[in-house]
Structure formats: C-alpha cells, structure tokens
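Trainee: With these hints in hand, go ahead and build the complete structure from the sequences.
The residues making up each chain are set out below.
2 protein chains.
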Amino acid sequence: MCVIGTGLIGGSLMRAAEKAGRTVWGTAASERTAAEATADGFDVTVDTAAALRRAADVDALVVLAVPLPALAGVLKQVAEHAPTCRLTDAVSVKVAVADLVAEHAPRARFVGGHPMAGTAESGWAAGNGELFADAAWVVAADDGADPEVWTDVAELAWACGARVVPAASDEHDLAVARISHLPHLFAAVLAAVGAEGDELALALAAGSFADGTRVAGTRPELVLAMCEGNRDALLGAVDSALGRLGAMRGALASTGGLAKTVEAGYEARQRWAAARNPELLRVRRGTPMARLREIGRRGAMITGWAE
Amino acid sequence: MCVIGTGLIGGSLMRAAEKAGRTVWGTAASERTAAEATADGFDVTVDTAAALRRAADVDALVVLAVPLPALAGVLKQVAEHAPTCRLTDAVSVKVAVADLVAEHAPRARFVGGHPMAGTAESGWAAGNGELFADAAWVVAADDGADPEVWTDVAELAWACGARVVPAASDEHDLAVARISHLPHLFAAVLAAVGAEGDELALALAAGSFADGTRVAGTRPELVLAMCEGNRDALLGAVDSALGRLGAMRGALASTGGLAKTVEAGYEARQRWAAARNPELLRVRRGTPMARLREIGRRGAMITGWAE
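Going down the list, the protein sequences come from chains A and B.
First residue of the first sequence? That's 1 in full-length UniProt numbering, and the numbers climb one at a time after it.
First residue of the second sequence? That's 1 in full-length UniProt numbering, and the numbers climb one at a time after it.
To be clear, the hints were calculated from the coordinates, so they are not data collected in a lab.
For identical chains, the list gives no copy identity; a pair is met inside one copy or between any two copies.
Straight-line distance between alpha carbons at most 20 Å, and here's what the computed EDC-like set of lysine to aspartate or glutamate pairs gives:
no. : residue 1 : residue 2
1   : K260      : E196
2   : K260      : D239
3   : K260      : D232
4   : K260      : E221
Mentor: This is the structure in structure tokens:
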C-alpha cells in the first residue's frame, strides 16, 4: 500500500496498516519529514514518482492523504506514473476530489474515502496507529464504483480498527457541511463576537464559550481548504442555520420567547447522543452500491464481511 | 451568612464558606433537599422566613442562589422578614435582578454578584466546596453601591477561592450575552441543523460537532431562564452574530472565500487563550466604583485588599 502524504492522517494510516501486517510505503512533502518517518522505521521518501511506479508494478492501493489544495499536483503524477492504479483518498470532501480525479487521472480506479478522525495536532509526529479505532470511515458508494477497489478500501478501514459508513459522495458532503464545516464557521463567528469590545467578556468566558470556540483554534489554512472545497453543500447548511437564527431573533424581539430554539436544540443533542451507539453489521461481498448507501443513511456502520 | 437556595451554586457556596470558617445556614426548596443537606452536616431547613429573620437579627449577608424565575417570590419574603439586610445573589444576569430587588425589596442593601462557575450537574449532591477555586466572581460595581456590602461580597468570593471581577450590572449583562448566552443559542441551532435529514450526518458527527453542541444538552428551563432574563443585551449579541454570518454567507456565495471569517475567529480564540492568564492585583479598601470598573474592563481580577 502506498500512502502519499505523511501528516496526521497519512502518518497514522501507515502505522495502523503496518501494525495490521501490510507492506506500506509512502512519500512525504519534505526531506525532514521523510527522515523523521525513516527514523521511526517506516519506508518513506520524497520521491513520489518512484513510490507510484512501485504501486503500479504490484497493483497496490494508493492512498492520497494530502490537503485538498495539493491534490491536483499529486494526481498529475498519478496519471503519469500509475495511471490505472487502485486509488482512494482521505480528504474531508468527496465531490471535489472525485471531480479532480476525473480531470487529472481519469483512468485511475478511484473510490473516495474519509476516515472521520483527527486531533488538534498535525504532522508525522502527531500520528498514531490507534487514531482510527472505532472511528467512522466513509467509503464512497457511488453508482459505478469499482467493487474490487471498494473492497480494498473497506478492508483497509477495518484493518485500522474503523467502521465503514457507505455514502454517495454528494450525501457525504451535505452531511459533513452540517456536522463539521458549519461547526467550524460557528466557532469562528462566536469567537469573534466574544472578542468585540473591551477585555471584560474574554476574561469571563469559560465553559460554554471555551467549548463553542474550540475548533476556531484550528490552523486557518486547514479550515479554509475543507470549507471552501465544499462550497455548495456548505451554503445550504449556512442558509438553514441563518433561517433558524433569524426566526429565533424574531421571537426574542417580539415575545421574548426562546423555547422553540432551545427545545429543538436539546432534542437534537439527545438524538446525537443516542447515535453514539450505532447499529453495527456485516454485509456480503458484492452488495450493490444502492443497498450500501441505505445502510449509511440509517446511521448504521459495517464492521466486516458476512461470510 | 444565609444562603437561599441549595442547588449546585448555593450548595457549593455553603460548603466553601463553612470550610473558610464562616457560620452558614440556608434554606432549600424541598424537604428532601433540606434532609440531604442536613445529613451532610449543614444547617438547612425549608423555613425561609426563619432563616431571613435570623439574618436580620445578626445583620448577616443573605445570598440569593435561586433561579431567576423564583426570585420575585423570595424577594417578597426578604422585604417582609429582613427588609434592610445585606443582600447579594448568584444569578447569571444582573440588570434584571437589580430591577426585581428595586421592585420587591427596595430597602435591602443590595450588591449583585455572579460566580462564573458551573458544571453540567445540578442539585445539592452535585455541589462541592472547590467549585469556585480560581473562578471569576463578578461583583456589581454600580455607582451608589454600598461599599460595606461590596466588601462583604468580595470577601466572600475570596474566602471561596475565587477572583473578583468588578463590573457595572449592564456591562456584565452585555459580556455574558456574548460569552455565555449566545454560545447556548448557537449550540442549540447547530444541533438542530445537524439533526436535519436522515441519520447519516448524526452518525458521522464527532469532534467539532460534539464540542459545538455540548451545552445544547443543558436542561432547557435553565437556558431559557438565563437567556430570556437578558433579552436586550442578548439581542445585540445575536445581531452582531447575524451580521457576521450574513457577510460570510455573501462571501461564500460570491467569491467562495471564507478567509476573513476564519482568520478573525482564529485571532479571537488566541486572544481568549491569552486571557486565561489574567492580571491579578490587590486594591485598597474604599476604592471608588468607577476605578473598580476600569479594572474589570481591562480583564484584570482582584485577589484581596492591598493593605
């Protein structure tokens, strides 16, 4: 297995896959990171062309674990050195990645992926082989997906201890707009409003403000890459939020009542808490993509093959 | 010292004050809670009239630690049984409380207070004497405040291990609208948007969504009491947030760029992090209220008397 990009996700993936007994090699963006990974006993260089040729030679799965802005450049190398390879990715949007693959490496056998794991840290040193334990790992179940590569990606997720959530690329993007990208924008706006005026408010800010703004501390370029790469889905989520906030503002100004907003939020949070204990199931090899998508839509997760 | 209300805040206050060597008695809303507190060795009954008469007899400080909706009823009892007592409170809004005191117990020597501590728990059993350690405790520094009662409240805060933040009642309300009430409403809206549609989004929701919606799990009646009790200040905070979200929506739809929003949020979160290490100082007894307010506005906190 060939991993392009050895940051938090790529680096954790290499550790988890090697621990699961796989042969893993990869490439880093800098000599320094390659040396760090090599010192930790991993087969990492900066020669992406060579790594991709090796993948082509043995028909290995190639995992793209670079930020979205770097993807087009890497895909051009894929088209040159491993044009028909088995290909997946670990980027946080799926439609934009599929579009880039179609444009730059159209012959690659691509099935998108998104392991839903992360920490505030980044870089090779922050990686760990347990990062994906019990995490959700979306495997794109679009019509026409190559079932063999779908199997490769699902088995990689399981080998890393994750649970597979099948979803169409556009369904994935709508979901993450609501539960990841909008929360980042809300955190940014909340932080900015808290910092208006003098220092009194920030001095008093604790519990609810600390939690609500935590992800505003994420490196801006990471937030911009994922949010701007999911523009259409994100606009829908922002409009839904603006509609709810506008209705709340109207109620507060007229009757002063906030019960509808607060009770809807409380109920939604209870539903989220219940979803922490998802239905886990196994499926038969070759289950059609449409059937797989239904599993994802009902919030269930796949832990292995039924046989 | 007489504490009316033995929930999380009142119960923690009794424990902290008794540990600091003070004579403390209080009243609970139910026989059951009174029995619980008595079993823990505290002087707690349900007879508010008797507790207030005792406070009047020895000119003790009375602390109101009941939710805002229960306050008018308690203040009527204060007016009857301890009309000129030294009085403070631990409610999360200050203008509304001052208005209620002026209406129902106008002769009480009132100085508002707000210990900024709390957990997700509530009730006597959840209380603990360390709750206020290193916490900010706002002591209302309005012009005309009785300096003797101001001293009582500040010394109570210090006895409980807290740091005093002086602020005018209306300045306090504007600050908490931004850093506590708005975060609760944002959490509610974020949770509701996440729960729209099928179960896929909630199944994938983790880190940023879990943090951003945490306080949406607070009991709705508590959130409603504090937010609806701070309507005017909250409207300003909501409008500021709507302005920022609207501008962001426009930028996302036109250029697709979110840098301004994300970078402002990042910078604000850094400022908040820096404010975790506030300037700590001592002041002379009798420092004028206007001077005290300046200390609060620059984010500093008072830990004791200068003498």
